[in-house]
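2 protein chains.
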Amino acid sequence: MNETHTIPICKLDHISIVVPNLDLASKFYLETFECEVSVPIDLPNQKMRIAYVILSNVKIELMEPTGPDSTIEKFLERNPSGGLHHFCLTTPDTGTAAKKVRLKNIRVIGEGVSHDDKDLFFMHPKDTLGSLIEIEEE
Amino acid sequence: MNETHTIPICKLDHISIVVPNLDLASKFYLETFECEVSVPIDLPNQKMRIAYVILSNVKIELMEPTGPDSTIEKFLERNPSGGLHHFCLTTPDTGTAAKKVRLKNIRVIGEGVSHDDKDLFFMHPKDTLGSLIEIEEE
Numbered sequence: 013m014n015e016t017h018t019i020p021i022c023k024l025d026h027i028s029i030v031v032p033n034l035d036l037a038s039k040f041y042l043e044t045f046e047c048e049v050s051v052p053i054d055l056p057n058q059k060m061r062i063a064y065v066i067l068s069n070v071k072i073e074l075m076e077p078t079g080p081d082s083t084i085e086k087f088l089e090r091n092p093s094g095g096l097h098h099f100c101l102t103t104p105d106t107g108t109a110a111k112k113v114r115l116k117n118i119r120v121i122g123e124g125v126s127h128d129d130k131d132l133f134f135m136h137p138k139d140t141l142g143s144l145i146e147i148e149e150e
Numbered sequence: 013m014n015e016t017h018t019i020p021i022c023k024l025d026h027i028s029i030v031v032p033n034l035d036l037a038s039k040f041y042l043e044t045f046e047c048e049v050s051v052p053i054d055l056p057n058q059k060m061r062i063a064y065v066i067l068s069n070v071k072i073e074l075m076e077p078t079g080p081d082s083t084i085e086k087f088l089e090r091n092p093s094g095g096l097h098h099f100c101l102t103t104p105d106t107g108t109a110a111k112k113v114r115l116k117n118i119r120v121i122g123e124g125v126s127h128d129d130k131d132l133f134f135m136h137p138k139d140t141l142g143s144l145i146e147i148e149e150e
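Which chain is which? The protein sequence lines are A and B, in order.
Under our numbering, read the first sequence as residues 13 to 150, first letter to last.
Under our numbering, read the second sequence as residues 13 to 150, first letter to last.
Careful, some of the hints might be misleading.
One copy or two, either will do: identical chains are not told apart, so a pair holds if it fits within one copy or between any two.
To be verified - In the PhoX-like style, the derived pairs of lysine-lysine whose C-alpha atoms are separated by at most 20 Å in a straight line are:
1) Lys138 to Lys39
2) Lys116 to Lys59
3) Lys71 to Lys111
4) Lys86 to Lys116
5) Lys39 to Lys116
6) Lys112 to Lys39
7) Lys71 to Lys116
8) Lys130 to Lys112
9) Lys71 to Lys23
10) Lys86 to Lys130
11) Lys23 to Lys112
12) Lys23 to Lys138
The hints are simulated quantities; they were obtained by calculation from the structure and are not laboratory data.
Note that this is a predicted model, so its numbers are computed, not measured.
The shape of chain A in the complex, shown without the other chains (with noise of 0.2 Å):
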């Protein structure tokens, strides 16, 4: 494969986690480790609600749903106590990040934009080997 079929990663932003109580989880993440925890920021359009702990080098990402269609209820139903749900790689282009995604037969999913405005879509666990990654404009 050649070197300019591969996407360019900046680094990986965050990792996402689901959970059932965004408050009990933030709470933990505050008690436990030696961090910081944003305040929570209600996604309505996505129905969920996010907060982040901010360690040195990357953000954890707290997402738990706030409606039955939610696209990550389904994930709290079969995972009741929460758990990993994705991570997040930034690039400089995600318009030309999604083109080489595609050419690869890499299926694209949830193109969108960040509550920050930033371009984002992800690619398909099934065409990944098991996990569901983010690719984000940086």
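Based on these hints, arrange chain B on the given structure of chain A.
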């Protein structure tokens, strides 16, 4: 909770993904992203083979079970395509960290030493709101 009881965290060192086939997974990361992938490391005591995808700020550990009594074989039975298994935070002193963890009534499991001689333990996922968290000495 007094801050002296929280565990100091240096960084998130790696996330770990269980994969059914380490060679295929290494090839996937190498051909999909601009990154380095280490040579496979055989861990016969843990009945697994691992390799590291090296990003600028963290590593992604790929883990393949090499025996039916491997600690990660059960995970693969539940998730035949593989998937996110745990993440690893580093701390200056795992002995002090393990004491603090026990004081919080979080079970300490899997105490041991990594393949590169660093003390480590895991926090029981039933006591951490669903995620398996590894703590390794910096």
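Results for each hint:
1. In this assembly of identical chains, Lys138 and Lys39 lie within 20 Å of each other by CA distance solely across copies; the values are 16 Å between and 34 Å within a copy.
2. Proximity of Lys116 to Lys59 under the C-alpha cut-off of 20 Å is found in neither arrangement, the shortest distances being 31 Å within a copy and 32 Å between copies.
3. In this assembly of identical chains, the alpha carbons of Lys71 and Lys111 never lie at most 20 Å apart, being 27 Å within a copy and 25 Å across copies at closest.
4. In the homo-oligomer, the alpha carbons of Lys86 and Lys116 never lie at most 20 Å apart, since the shortest distance is 28 Å inside one protomer and 31 Å across protomers.
5. Taking the shortest alpha-carbon separations for Lys39 and Lys116, only the inter-copy value of 13 Å comes in at or below 20 Å, while the best intra-copy value is 42 Å.
6. Taking the closest pair of Cα atoms, Lys112 and Lys39 come within 20 Å of each other only across two copies (16 Å); inside a single copy the shortest separation is 40 Å, beyond that limit.
7. In the homo-oligomer, the alpha carbons of Lys71 and Lys116 never lie at most 20 Å apart, since the shortest distance is 29 Å inside one protomer and 23 Å across protomers.
8. Taking CA atoms no more than 20 Å apart as the test, Lys130 paired with Lys112 passes inside one copy only; the shortest distance there is 19 Å, against 38 Å between copies.
9. Taking CA atoms no more than 20 Å apart as the test, Lys71 paired with Lys23 passes in both settings, with 11 Å inside one copy and 10 Å between copies.
10. In the homo-oligomer, the alpha carbons of Lys86 and Lys130 never lie at most 20 Å apart, since the shortest distance is 25 Å inside one protomer and 38 Å across protomers.
11. Taking the shortest alpha-carbon separations for Lys23 and Lys112, only the intra-copy value of 18 Å comes in at or below 20 Å, while the best inter-copy value is 31 Å.
12. Taking the shortest alpha-carbon separations for Lys23 and Lys138, neither the intra-copy value of 23 Å nor the inter-copy value of 30 Å comes in at or below 20 Å.
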